[in-house]
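Chemist: Sequence:
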Amino acid sequence: LFEVMKGRKFKHLILRDAHALQDKVFQNLQLEYLLTLNLEGCLALTDEAIPFIAGKAFSLESFNLARITIKMKEMGRERKSRIDRTPLHIFFPSLRYLNIGYGGIKTVLIEAPKLEIFKARAAKDLQILEIRQQSEGSLETSSSTLRKVDLREVQNLSPQTLLLLFKIILIF
132 LFEVMKGRKF KHLILRDAHA LQDKVFQNLQ LEYLLTLNLE GCLALTDEAI PFIAGKAFSL
192 ESFNLARITI KMKEMGRERK SRIDRTPLHI FFPSLRYLNI GYGGIKTVLI EAPKLEIFKA
252 RAAKDLQILE IRQQSEGSLE TSSSTLRKVD LREVQNLSPQ TLLLLFKIIL IF
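The sequence shown begins at 132 in my numbering and counts up by one.
Hints may be right or wrong, so weigh each one.
[To be verified] FRET-style restraints, in silico, Cβ to Cβ: (1) Asn287 / Arg139: 33 to 41 Å; (2) Lys155 / Gln265: 15 to 23 Å; (3) Ser289 / Arg139: 37 to 45 Å; (4) Ile248 / Gln158: 27 to 35 Å; (5) Asp281 / Asn159: 29 to 37 Å; (6) Arg283 / Lys137: 21 to 29 Å.
[Said to hold, decoys possible] Here are the simulated DSS-like pairs of lysine-lysine, each with C-alpha atoms no more than 30 Å apart in a straight line: (7) Lys279 / Lys142; (8) Lys187 / Lys140; (9) Lys204 / Lys279; (10) Lys202 / Lys137; (11) Lys250 / Lys187; (12) Lys255 / Lys279; (13) Lys279 / Lys250; (14) Lys279 / Lys137; (15) Lys279 / Lys202; (16) Lys187 / Lys245; (17) Lys255 / Lys202; (18) Lys298 / Lys250; (19) Lys279 / Lys237; (20) Lys155 / Lys204; (21) Lys187 / Lys137; (22) Lys155 / Lys137.
Think of the hints as simulated: they come from the structure by calculation, not from any bench. Even for Gly, the Cβ is constructed at its ideal location relative to N, Cα and C.
Work out the full structure: start from the sequences and follow the hints.
Modeler: As structure tokens, then:
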């Protein structure tokens, strides 16, 4: 099936519960026109797939990573260097919906200026969450587009993170 997909231009790609799906499949797919990507339950995917998808799917509006529990732990990366501790955020220019619920992702560091809905219900491993709505250094003072955040059953976020999210949502 994945061999047949090579070279095709997709707008909507639903690969829910495709347990054999691995990161390398996305190297051969044309993702430039992709609007919807549902990878819910694709247990073989790792952290490496996310920046690759984000780098190719500039039009991506809806991204479902729910129930990925084994190998995918980070969206973005914290730096541990003594010299530079600036986190590496993954840029999704068109993303409006992101679901990581019921999964094992620990870190979400994204820049998503159009994000409206973020779902992380029962993402019990989630510890670090930073959603940038505008580019760092941007003079733009537009309000946040984030309107719905589902963090039910999330247990490991710091009070500071929750307060920052609350402030982002209230700035509209």
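Chemist: Compare the structure with each hint and give your call.
Modeler: Checked hints:
1. Asn287 / Arg139: 33 to 41 Å: holds (40 Å)
2. Lys155 / Gln265: 15 to 23 Å: Taking Cβ atoms as reference, Lys155 and Gln265 lie about 33 Å apart, which means the hint is violated.
3. Ser289 / Arg139: 37 to 45 Å: The hint (37 to 45 Å, Cβ to Cβ) holds, given that Ser289 and Arg139 are roughly 43 Å apart.
4. Ile248 / Gln158: 27 to 35 Å: The hint (27 to 35 Å, Cβ to Cβ) holds, given that Ile248 and Gln158 are roughly 29 Å apart.
5. Asp281 / Asn159: 29 to 37 Å: holds (34 Å)
6. Arg283 / Lys137: 21 to 29 Å: violated (39 Å)
7. Lys279 / Lys142: Since the Cα atoms of Lys279 and Lys142 sit roughly 25 Å apart, the hinted pair holds (cutoff 30 Å).
8. Lys187 / Lys140: Given that 30 Å is the threshold and the Cα spacing comes to 12 Å, the pair holds.
9. Lys204 / Lys279: holds (23 Å)
10. Lys202 / Lys137: Holds. Lys202 to Lys137 sits at ~24 Å (cutoff 30 Å).
11. Lys250 / Lys187: holds (23 Å)
12. Lys255 / Lys279: holds (19 Å)
13. Lys279 / Lys250: Within the cut-off at roughly 8 Å; holds.
14. Lys279 / Lys137: violated (35 Å)
15. Lys279 / Lys202: holds (27 Å)
16. Lys187 / Lys245: With a Cα-Cα distance of about 17 Å, the restraint between Lys187 and Lys245 holds, given a limit of 30 Å.
17. Lys255 / Lys202: holds (15 Å)
18. Lys298 / Lys250: Holds, because 17 Å separates the two Cα atoms, which is no more than 30 Å.
19. Lys279 / Lys237: Distance of about 20 Å is within 30 Å: holds.
20. Lys155 / Lys204: It holds: about 17 Å lies between the C-alpha atoms, which stays within 30 Å.
21. Lys187 / Lys137: holds (14 Å)
22. Lys155 / Lys137: holds (11 Å)
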